[in-house]
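Protein chains: 2
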Amino acid sequence: MSAQESRAATPKRVTTGPIGGSRKAYSSPPGAPELRVPYREVELHESGAEPLRLYDSSGPYGCREFTPDLEAGLVFSRPWLAARQGLESYEGRPVKPEDNGFASGRHLVPPCPAQRKIFRAAGAAPVTQFEFARAGIITEEMRYVAHRENLCRERAIEEAGARLADGESFGASIPKFVTPEFVRDEIARGRAIIPANINHPELEPVIIGRNFLVKINANIGNSAVTSSVAEEVEKMVWAIRWGADTVMDLSTGRNIHNIRDWIIRNASVPIGTVPIYQALEKVGGDALKLDWEVFKDTLIEQAEQGVDYFTIHAGVRLAYVPLTASRVTGIVSRGGSIMARWCLSKHKESFLYERFDEICDIMRAYDVSFSLGDGLRPGSNADANDAAQFAELETLGELTKIAWDKGCQVMIEGPGHVPMHKIKANMEKQLETCGEAPFYTLGPLVTDIAPGYDHITSAIGAAMIGWYGTAMLCYVTPKEHLGLPDRDDVKTGVITYRIAAHAADLAKGHPAAIERDNAMSRARFDFRWTDQFDIGLDPDTARKFHDETLPAESHKVAHFCSMCGPKFCSMQITQELRREAQEMERERGLAEKAAEFVERGAEIYVEAGE
Amino acid sequence: MSAQESRAATPKRVTTGPIGGSRKAYSSPPGAPELRVPYREVELHESGAEPLRLYDSSGPYGCREFTPDLEAGLVFSRPWLAARQGLESYEGRPVKPEDNGFASGRHLVPPCPAQRKIFRAAGAAPVTQFEFARAGIITEEMRYVAHRENLCRERAIEEAGARLADGESFGASIPKFVTPEFVRDEIARGRAIIPANINHPELEPVIIGRNFLVKINANIGNSAVTSSVAEEVEKMVWAIRWGADTVMDLSTGRNIHNIRDWIIRNASVPIGTVPIYQALEKVGGDALKLDWEVFKDTLIEQAEQGVDYFTIHAGVRLAYVPLTASRVTGIVSRGGSIMARWCLSKHKESFLYERFDEICDIMRAYDVSFSLGDGLRPGSNADANDAAQFAELETLGELTKIAWDKGCQVMIEGPGHVPMHKIKANMEKQLETCGEAPFYTLGPLVTDIAPGYDHITSAIGAAMIGWYGTAMLCYVTPKEHLGLPDRDDVKTGVITYRIAAHAADLAKGHPAAIERDNAMSRARFDFRWTDQFDIGLDPDTARKFHDETLPAESHKVAHFCSMCGPKFCSMQITQELRREAQEMERERGLAEKAAEFVERGAEIYVEAGE
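Chain order of the listed sequences is P and F. Under my numbering, the first residue of the first sequence is numbered 1, with each subsequent residue one higher. Under my numbering, the first residue of the second sequence is numbered 1, with each subsequent residue one higher.
Just so you know, the hints here were simulated from the structure itself, not pulled from any lab data. Mixed in with the good hints there might be a few duds.
List of simulated lysine-lysine pairs, DSSO-like, C-alpha gap at most 27 Å [to be verified]:
no.: 1; chain 1: F; residue 1: Lys406; chain 2: P; residue 2: Lys544
no.: 2; chain 1: F; residue 1: Lys348; chain 2: F; residue 2: Lys289
no.: 3; chain 1: P; residue 1: Lys176; chain 2: P; residue 2: Lys424
no.: 4; chain 1: P; residue 1: Lys556; chain 2: P; residue 2: Lys544
no.: 5; chain 1: F; residue 1: Lys424; chain 2: P; residue 2: Lys429
no.: 6; chain 1: P; residue 1: Lys429; chain 2: P; residue 2: Lys401
no.: 7; chain 1: F; residue 1: Lys424; chain 2: P; residue 2: Lys424
no.: 8; chain 1: F; residue 1: Lys282; chain 2: F; residue 2: Lys96
no.: 9; chain 1: F; residue 1: Lys282; chain 2: F; residue 2: Lys117
no.: 10; chain 1: F; residue 1: Lys282; chain 2: F; residue 2: Lys348
no.: 11; chain 1: F; residue 1: Lys401; chain 2: F; residue 2: Lys429
no.: 12; chain 1: P; residue 1: Lys289; chain 2: P; residue 2: Lys96
no.: 13; chain 1: F; residue 1: Lys401; chain 2: F; residue 2: Lys348
no.: 14; chain 1: P; residue 1: Lys282; chain 2: P; residue 2: Lys346
no.: 15; chain 1: P; residue 1: Lys424; chain 2: F; residue 2: Lys429
no.: 16; chain 1: F; residue 1: Lys424; chain 2: P; residue 2: Lys176
no.: 17; chain 1: F; residue 1: Lys346; chain 2: F; residue 2: Lys296
no.: 18; chain 1: P; residue 1: Lys424; chain 2: F; residue 2: Lys176
Starting from the given sequences, assemble the full structure and let the hints guide the process.
Written as structure tokens, this is what we have:
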């Protein structure tokens, strides 16, 4: 489908049902029926094989029988929140006209009717996952993610044996099996976060940390012309269908408050935002009119709605701005450039930096996680790893410690544009500077010469930095640097980043990763075409590509493919070889001879007497 | 354009003219007007900037004024061959019915009328580039590739200064400037090859070695139904247009001799083949009927036609076959499985291994380069770096030394399917085992779970292994493992691999690489949209993507893009910041203060007295 057709085809309803060839299901840890942990299952046509269990981020939308009711919002995945101690419900901040960019009348998107009670911390009792973890308390969210990360793990350990140890994790501590206690300990150390606002009960908890499966984020934004809220919700649904673990809503302009409400009430994944964008809207787009009051008001507004993590560019300090003056591409982060302009024009230190304690207090009260923004990230390979970038990173390290002291969960955002030989230094410096807080990187793009293909230039860097230790990868679509992604671009970006994340898991030796590759390889060797399609990240595309050359249904069981055709098929020959070799082995002890032969250096002629 | 439309749109003529926004040109080294070395030039709308010179593989097809005459073939790019000593012309082998799979009558593709005189070595005088290099003689081909690799280099050295040293090359010896003597020395050491059959005078020479720019190969194959020879030639032309440095013709079935003739007579790039495919056709597809005579006859047939390199699977030895029996995916190389079946069924050592000396004599006589095939490469991540793979690699090292002794040029083929953490070992082992002969790898794919996206799974591995030292990367298209690539797939595969190769050059610190990235970054910062499109690998797609969101011509000069819109543009803000910062710097010595501030650890409050 071309981009044009695709845009035209944007549905008026959200997409439901499982990815082709699979079934969405839920499982509860022993003794905790209220925890309904999702996974996806692919039926294999392999003799004796159990269905393949896959991690699933699609939420209830992935269920065949699910009928969304956007006005009601999702059924709570975290029913236990209602009984949680230490929280108080309160009236909440009234919606103001500027929250929706003064949209009114027929221009105003109606509010989502699914209003929830609003909660906040009632006092000093633990509220955030970090506080619970530090207090030695295992929350339902911790149990949930432990069970979620473990999919297939026990079986894989039994089956694959020694192969599981294979990997290079660069000092990560990936366990063979994830226990709730391990999750608690990782969170308490600051090495992992569960972004989970107490006002987002619809959330299916996700853990982000380098000792867990690598996660990916997809960005969405509102349209200039919104014809229906279903279209806005569909953007999120479409991204999580293909594997986005979190979604950032980067909307600007009118109606963002109300659209955000529709999204969060219908979101099963953590939602992140960059509150400075909305704050800037509220002051008419003039950075110099920004101040603490409008920013604080925006934080509370979004925290009450249930946003799970905020990008805060508190590391862009006045003194660092001149360090960017000789760069090839200056400052490329929107938030970073807004704050740089504010600091420089007023010749004052950033209010985000100066008010950081107060920001922490707000974040803690709702358990909104920090995503400390890298406002001075490089915008080109030439600017990678420069003084401005690393000065800011030092400050992010300093702020991480403050946020932890305040009880908040923290992750750190990273670049951007970095050639391959400079990627590892980014990871090492981040781990050291920020006390192993999870790293959340955009790409990085390893070259700038391929606009139109930046999902690929960045997936190369993303796979590598994920291997080195990045916990979450922010996707890049083919439209990066050129235009707004359409539906196809979002899917391509998500699938590409699932590839990068999985390649990283595999290289780190994550016990849950190899199983899917092996299932695919066995399906290839057995010519189980349908299984090959279904095990893959995108069964629809794989099936379509196969059918373009060999459309007949009979070819789905053919013992050859279109690459080699029936005469040349190497796998077919190998299968025959294997039978013959086994035969010969029995008859002549060939394998033994062969090993001996190889040991001797595989010389054809062996000196007499040996 | 959808795949369907694209296939329908396959032109009846070959594509000519430069890539949009650029101009194809030629340059001669001082004192050598007969050497017309190609490059491509992009006009920049940057004040004072010279046009950007790019490496170009498109041949005369990339010229605006070129009108192909397929029947006459290309004008010779190597006119000096006619005067080269040590060659003799002779009658050549007559074309036999089996060469074209016994096609006859209207089923027979007519032979290409552009018949050339056929040459071979006349005696012991140097014939191959390796022999010339060893004898201390610099050939025209060596001068040619030196000039070709140097594009922009002198200017880049002057401009970029210290930045050029930036890179990690893992022990490669990349020079700041490539001299013909450096080329000769690299070839003499066996570290680089120029695949250039003396019967391929139409060739524009290309050097393959880890101290040169990383090259890429695209595979093509004949169609089941050939409606015109132009369509077959167009596959090659289309691949080199987007940047394939060499093309392998993997055709099977009828008419392969005659179609190969049309391709080579019209090919400006080195053409590689796998002769065992045609040999197998000649014996009716039955591997057991293969023997030295039919193989030898095929080698001579293709060498006389002008094929520049042959994949020879001489490392698949009888004793190694049982080592594949317990693999997840057995043997996946076509050539490898054919030879394995032959060896095992007859319980005899491979005739390719036993007759290797004689193969060398044929290769030398025409200067056909060896591409020693990895018939036992892994077909899945699970089989990577196993005993079978590395046993064969040892044998390829042994054969490399024999081929060098015989005066032949050699490169070594590599995997395949390798997770990230096992890639480096492949490169290190190859360099050590094969005396630094150039490595030529297929991908490798770093995960197997994404059929439909294997150009991406493999580009991740390709970029990494290219960085580690691979000299040429064999492309993978989105259709890999699923079907036959169409026109769009070939383009996507080539562009994806140009990204991988360039990312590798950049990370290795290749002096010619960074210039293009910097030109792109400056164009971004200056909002020169047309330059951004034209500097990129695929201007057509970049322009199309941009226009989907901002179609108006006036937006090509707009100081914002569709991602942020006019209000939020970070680059715009940075430009203003830069002016303001410079102003302030002058006025207050801010930069000095800032540096001091950063040095003190960026504390806001400094103790009195300091």
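Here is how each hint holds up against the structure:
Restraint check for Lys406 (chain F) and Lys544 (chain P): the C-alpha separation of about 49 Å exceeds 27 Å, so the hint is violated. Proposed proximity of Lys348 (chain F) and Lys289 (chain F) is supported: the alpha carbons are some 13 Å apart, at most 27 Å. Note on Lys176 (chain P) and Lys424 (chain P): the hinted pairing holds, with a Cα-Cα distance of about 25 Å set against a maximum of 27 Å. A threshold of 27 Å between alpha carbons decides the hint, and for Lys556 (chain P) with Lys544 (chain P) the separation of about 12 Å falls inside it, so the pair holds.
Straight-line distance between C-alpha atoms of Lys424 (chain F) and Lys429 (chain P) comes to about 23 Å, which keeps the hinted pair within the 27 Å bound. Between Lys429 (chain P) and Lys401 (chain P), the direct Cα distance comes to roughly 16 Å. Compliance with the 27 Å bound is thereby established for this hinted pair. Distance check on the hinted pair: Lys424 (chain F) and Lys424 (chain P) sit about 15 Å apart at the alpha-carbon level, within 27 Å; holds. A C-alpha spacing of about 10 Å is found between Lys282 (chain F) and Lys96 (chain F), which places the hinted pair at or below 27 Å, so the restraint holds.
Distance hint between Lys282 (chain F) and Lys117 (chain F) is fulfilled; the C-alpha atoms sit about 26 Å from each other, no more than 27 Å. The suggested pairing of Lys282 (chain F) with Lys348 (chain F) holds, with an alpha-carbon distance near 21 Å, which does not exceed 27 Å. For the hint linking Lys401 (chain F) to Lys429 (chain F), the alpha-carbon distance of about 16 Å falls within 27 Å, and the restraint holds. Of the supplied pair hints, the one linking Lys289 (chain P) and Lys96 (chain P) holds, its CA atoms being roughly 18 Å apart against a limit of 27 Å.
With a CA separation close to 23 Å, the supplied pair Lys401 (chain F) and Lys348 (chain F) stays within the 27 Å bound. About 19 Å separates the Cα atoms of Lys282 (chain P) and Lys346 (chain P), which keeps this hinted pair within 27 Å; it holds. Using a Cα cut-off of 27 Å, the hinted pair Lys424 (chain P) and Lys429 (chain F) holds, with the two alpha carbons roughly 23 Å apart. Simply put, Lys424 (chain F) and Lys176 (chain P) have alpha-carbon atoms about 25 Å apart, close enough for the 27 Å limit, and the pair holds.
Under the criterion of a C-alpha separation no larger than 27 Å, the hint pairing Lys346 (chain F) with Lys296 (chain F) is consistent with the structure, at around 20 Å. Among the hinted pairs, Lys424 (chain P) with Lys176 (chain F) is consistent with the structure: their alpha-carbon atoms are about 25 Å apart, no more than 27 Å.
This entry does not satisfy hint 1, going by the numbered hints stated previously; all others are met.
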